[in-house]
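Heads up, the sequence shown is in our numbering, so the first residue is 158 and it goes up one at a time.
Worth flagging that the hints you see were computed from the coordinates, not collected in a lab. Yeah, the Cβ is synthetic: ideal placement off N, Cα and C, and Gly gets one too. Please note that a few of the clues may not be correct.
As the list claims (entries may be wrong) - Ranges between beta-carbon positions, derived for each pair:
id, residue 1, residue 2, range
1, Glu-451, Glu-183, 23 to 33 Å
2, Ala-172, Leu-421, 42 to 52 Å
3, Ala-166, His-319, 15 to 25 Å
4, Asp-455, Cys-308, 47 to 57 Å
What the hints assert, rightly or not - Capping the alpha-carbon separation at 35 Å, the derived lysine-lysine pairs in DSBU-like fashion look like this:
id, residue 1, residue 2
5, Lys-398, Lys-206
6, Lys-398, Lys-427
7, Lys-427, Lys-206
8, Lys-398, Lys-457
9, Lys-206, Lys-457
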Amino acid sequence: MSRAFPDTALAADIAAGLARAETLFESQLSSSFPAVNDLCRHVARYRGKMLRPTLVIVSGLAFTEDGETLSGEHDVIAATVEMIHMSTLVHDDVLDEAEIRRRGATVNHLHGNEMAVMLGDYLISNAFHLCSRVGDPALNLRLGEVTNTLCEGELVQLSRRHDLTLDENTYFEIVRRKTGALVGVSCELGAMLAGADASASAAMRLFGESLGVAFQIQDDLLDLLGDEQTVGKSIGRDLEKGKLTLPMIMHIARTTGADRSSALRAIEAKDGAALRTMLMRSGAIEAARARAVEIVEDAKRGLPATRRTHSRELLLELADRVVARNS
């Protein structure tokens, strides 16, 4: 998610912070067993956008004075949230029976579900081992709470697979938990560690949660409309695994009679081509895209005042990029 930025000092600070976080990530996962190291090297390729660690760092910089550097604890939190995120990707690929991730083979495709499940567990355990280096127990508590929240979201989603009565409220509760919570805590803890007060830290959490929800809606759209080469992972898995996503829910809600029945049959038959045509014709695709943009705009309006103007501008741009991406 990083890019060339007019404030070269800020760009250098972000790049240095991400490099330190990546070093921590790799050293934490280092094992005396070659087989474990091979698996960890493979999953390290999953690091793509680095959105969550970037938000930890930029949120921290936003609440420091010009010339002030971040604490080493920012590096630890940045590496920790990325490790938690990686574990969810490994487990998601098992649940979705996905074969491609970051344009390469998934762990479950290469080594089977048992190995992938244990690797995901290994990543989670290492994440909490790593974050124990942070001195303030309140930060560890927040990461534990958010990981529980994330798992709750996944469990509710699993319990509602193939449920054609799923409504928007439940959908948003699921994605707020399974995607929004970790993005939110990345912003929150980055700000807290830099000295932001409770009100600003809470506002940063809400900003991040909204970005995470919008990110998930964009993922829904890419799963329906994208191609594997561009997106870089298996697509069509939501329909295949019986997950109703926002465009589908919106289409069902806005149609009646034969149109609605046709959509339900297409979902049950896992007919992606027919469903895409229906969703585009009804305007559900554009409605979902508009909702993601609306959520991002609301998040931007709620972003609290910060000490560094350029850091705040970058947070606003990162928000826009969440809904502009094609992978």
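Hints and how they fare:
Between Glu-451 and Glu-183 the Cβ separation comes to about 39 Å, which falls outside the hinted range of 23 to 33 Å. Between Ala-172 and Leu-421 the C-beta distance comes to about 49 Å, which sits within the given range of 42 to 52 Å. About 52 Å separates the C-beta atoms of Ala-166 and His-319, a value inconsistent with the hinted range of 15 to 25 Å. A hinted range of 47 to 57 Å for the beta carbons of Asp-455 and Cys-308 is inconsistent with their spacing of about 27 Å.
A hinted pair counts as satisfied when its Cα atoms are at most 35 Å apart, and Lys-398 with Lys-206 qualifies at roughly 25 Å. For the given pair, Lys-398 sits about 9 Å from Lys-427 by alpha-carbon distance, which is consistent with the 35 Å threshold. Straight-line distance between C-alpha atoms of Lys-427 and Lys-206 comes to about 30 Å, which keeps the hinted pair within the 35 Å bound. Annotation: proposed proximity of Lys-398 to Lys-457 holds, straight-line Cα distance about 34 Å (limit 35 Å).
A C-alpha spacing of about 20 Å is found between Lys-206 and Lys-457, which places the hinted pair at or below 35 Å, so the restraint holds.
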